[in-house]
Amino acid sequence: MAAKGKARRFDVVIGGGGYAGLALAGALSQAGLDVAVADPAFGSVGQFRDPRASTIVAGARRLFETIGAWDAISGEAEPVHGMRITDSRLADIMRPVLLRFDNEAAPGEPFAHVAPNGTIRIGLLDAAKVAGSTLVPTGIAGFEQSAGKIAISLSDGSKIAATLLVAADGVTSNIRGLARIPFRGWNYDHAAIVSNVRLEQPHDGIAIQHFVDRGTLAFLPLPNQHASIVWAEPRLQAERLAALSGDEFQAALQQRAGYDFGEITPIGPRAVRPLKLGLAQHFHGHRIALIGDAAHAMHPIAGQGMNFGLRDVAALAEAVVDAARLGLDIGSEPILQGYDSWRRLDTVAMLAATDGLINLFGSSAPAARMVRDTGMGLVDRAPRFKSAVIKSAAALTGNAPRLLRGEAL
Amino acid sequence: MNSGTVGSVDSEEVARFAATAEEWWNPRGPYAPLHRLNPARLTYVRDRLCEHFGRDPKNIRSLKGLRILDVGCGGGILSEPLTRLGAKVTGIEPAEESIEIARTHAKESGLKIDYRPTTAEKVLAADETFDVVIASEVIEHVADPAGFVRTLSALAKPGGLVLFSTLNRTLKSYALAIVGAEYILRWVPPKTHDWQKFVTPGELRRFVRSAGLNVSDVSGMIYDPLRGEWRLGPDTDVNYWLTAVK
Numbered sequence: 001m002a003a004k005g006k007a008r009r010f011d012v013v014i015g016g017g018g019y020a021g022l023a024l025a026g027a028l029s030q031a032g033l034d035v036a037v038a039d040p041a042f043g044s045v046g047q048f049r050d051p052r053a054s055t056i057v058a059g060a061r062r063l064f065e066t067i068g069a070w071d072a073i074s075g076e077a078e079p080v081h082g083m084r085i086t087d088s089r090l091a092d093i094m095r096p097v098l099l100r101f102d103n104e105a106a107p108g109e110p111f112a113h114v115a116p117n118g119t120i121r122i123g124l125l126d127a128a129k130v131a132g133s134t135l136v137p138t139g140i141a142g143f144e145q146s147a148g149k150i151a152i153s154l155s156d157g158s159k160i161a162a163t164l165l166v167a168a169d170g171v172t173s174n175i176r177g178l179a180r181i182p183f184r185g186w187n188y189d190h191a192a193i194v195s196n197v198r199l200e201q202p203h204d205g206i207a208i209q210h211f212v213d214r215g216t217l218a219f220l221p222l223p224n225q226h227a228s229i230v231w232a233e234p235r236l237q238a239e240r241l242a243a244l245s246g247d248e249f250q251a252a253l254q255q256r257a258g259y260d261f262g263e264i265t266p267i268g269p270r271a272v273r274p275l276k277l278g279l280a281q282h283f284h285g286h287r288i289a290l291i292g293d294a295a296h297a298m299h300p301i302a303g304q305g306m307n308f309g310l311r312d313v314a315a316l317a318e319a320v321v322d323a324a325r326l327g328l329d330i331g332s333e334p335i336l337q338g339y340d341s342w343r344r345l346d347t348v349a350m351l352a353a354t355d356g357l358i359n360l361f362g363s364s365a366p367a368a369r370m371v372r373d374t375g376m377g378l379v380d381r382a383p384r385f386k387s388a389v390i391k392s393a394a395a396l397t398g399n400a401p402r403l404l405r406g407e408a409l
Numbered sequence: 001m002n003s004g005t006v007g008s009v010d011s012e013e014v015a016r017f018a019a020t021a022e023e024w025w026n027p028r029g030p031y032a033p034l035h036r037l038n039p040a041r042l043t044y045v046r047d048r049l050c051e052h053f054g055r056d057p058k059n060i061r062s063l064k065g066l067r068i069l070d071v072g073c074g075g076g077i078l079s080e081p082l083t084r085l086g087a088k089v090t091g092i093e094p095a096e097e098s099i100e101i102a103r104t105h106a107k108e109s110g111l112k113i114d115y116r117p118t119t120a121e122k123v124l125a126a127d128e129t130f131d132v133v134i135a136s137e138v139i140e141h142v143a144d145p146a147g148f149v150r151t152l153s154a155l156a157k158p159g160g161l162v163l164f165s166t167l168n169r170t171l172k173s174y175a176l177a178i179v180g181a182e183y184i185l186r187w188v189p190p191k192t193h194d195w196q197k198f199v200t201p202g203e204l205r206r207f208v209r210s211a212g213l214n215v216s217d218v219s220g221m222i223y224d225p226l227r228g229e230w231r232l233g234p235d236t237d238v239n240y241w242l243t244a245v246k
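Protein chains in written order, with the UniProt record's numbering: chain A, 1 to 409; chain B, 1 to 246.
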């Protein structure tokens, strides 16, 4: 950054270079806007050595394709052709399938893919660079709004300016805090162990979620007969399990998963993440828009954190680009209010549903089990309802933004 | 402005706008309806200009290089977006207070706009011409609309465009724009509009033709009270646009 003279002016400055920030930068730069992404992690080595994997639902994949990021990801992405949900007692030998999804998002299009997090970030970073985004390897220290712009101070002491500042800096968003936008969180007494495993038997592209006692265990298919696991348990139990030796951890995992995949071999590090939901009171402030985890935090039980953030990206990109093509002030209240109301209802509905799921499955009480058994059994016998669930999980329902439908802006 | 010294300008009208000048950019202020009208207005202007000059409306600099005269620019609600789209805009407005507001706001927004406290007649007297001349929500405020149209025609280059938007003189426009907008919805400062001075599409067509222009499009702008938005369509009963080619 220039140390002297006038601060360089961008159309949009994005604080945070995670999935949401990079995807937004790619989409906006592609449309011709002058965009900078600021993230201190851009400067550090090993920023992409994340062993975990993420599910990319069909709507998110279409967005990645449109912004030119998918080619770099597809080689390491495993298609998910189906999903199984089981619910049983720990002592049961079998893990009978309660709910089975084999639908496709559209003919020939898998409803999701699973890809390593590092690969996704590199794909998005390259797409943003190719589209012309400026990457700034420092954080955002402060800002000040005036009638026509937002002046931004960077952590390295330099200054830039923008018409719109986007907070994509995660659940503990510093920008959201500085803008004094309240964030309300709900903590659950659960935590998830996130790690990778190797399977003895092929997974055939099927994702599985086991509900066992008070925990849930999800297997997301990865290439080469590997899988990513998300294993949620009451917090103390999760911490205890994660600290077990390799053999003990393997035995506990095998006991919960059953032998559908043959022997399961844990590989790589284990991380323990507390489960929580959170919601910002507003998704925008004066010349500021919140996206991704900065707007809402989501418990990994639904596996929707990244995908949900990408819905924000698609909606904000559409609102901003449509406004820019009319020459309107892209940081002005009517544009940001439009984005806010577009995303907020969808987010609240998703959080409420996730909260319900946690309370339903986080319990081993007989009544909850009965609701689970009968409820899920009914769903399994209602193909049209299941199809709607698949489409909704793939982010293709409702007033979906153009990027999620695979259309260019 | 001195009353009657310049053909088209009505000095009482100018005084009325000058009194509320500092409210131009308050999105919840007295000019809120103009801000709400802006997406529809800009869609219309951009699309006509892109059609005529062979530009791509999806390009965020679709109007690059076009010289536009924004007649009655007020605080710059139309001039600023046109400048962002790449046009070289001259905004004129007899109310000096409004021009000061417009200049300050453009500077804060980092936009270069040639704002002048003057009238269309004076610009013409200096022999300046433009690719596009726009008079949006202005003709209903001038004293001599036929003369005003002749002046704007003379300001356009051969092959250039002249665009007007204004309120029609129908019962519907009376109900919505005067009673509804000014008193009930408090959209615009009361007495901003005098219904008797409204120009119908038929009258405007005649003014335009006798000024030597060819009408290329007439479209309506319809208010959707549920969404609080204006939309373009064929219904010209309340607010309408007319585009003419020189």
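None of these hints come from the bench; they were simulated from the model.
A portion of the hints provided could be inaccurate.
Said to hold, decoys possible - Subject to a maximum C-alpha distance of 30 angstroms in a straight line, what follows is the list of computed DSS-like cross-link-like pairs (lysine-lysine): (1) K64/B to K129/A; (2) K172/B to K157/B; (3) K197/B to K122/B; (4) K122/B to K159/A; (5) K157/B to K197/B; (6) K88/B to K58/B; (7) K64/B to K197/B; (8) K6/A to K88/B; (9) K172/B to K88/B; (10) K172/B to K107/B; (11) K107/B to K6/A; (12) K197/B to K246/B; (13) K64/B to K88/B; (14) K246/B to K6/A; (15) K159/A to K157/B; (16) K122/B to K129/A; (17) K64/B to K246/B; (18) K58/B to K122/B; (19) K58/B to K157/B; (20) K6/A to K197/B; (21) K88/B to K112/B; (22) K107/B to K58/B; (23) K64/B to K159/A; (24) K246/B to K58/B; (25) K88/B to K122/B; (26) K107/B to K122/B; (27) K159/A to K197/B; (28) K58/B to K112/B; (29) K197/B to K112/B; (30) K58/B to K197/B.
To be verified - Listing some non-contacts, in silico: residues in chain A with all C-beta distances to chain B over 12 angstroms: (31) A41; (32) A161; (33) A324; (34) L328.
To be verified - Some residues of chain A that are not near chain B, with every Cβ distance over 10 angstroms (derived): (35) S146; (36) N224; (37) A271; (38) H282.
No residue lacks a Cβ here, since even glycine has one placed at the ideal position from N, Cα and C.
Hint by hint, which ones does the structure fall short of?
-> 2, 4, 7, 9, 10, 14, 15, 16, 18, 20, 27, 29, 30, 32, 33, 34, 35
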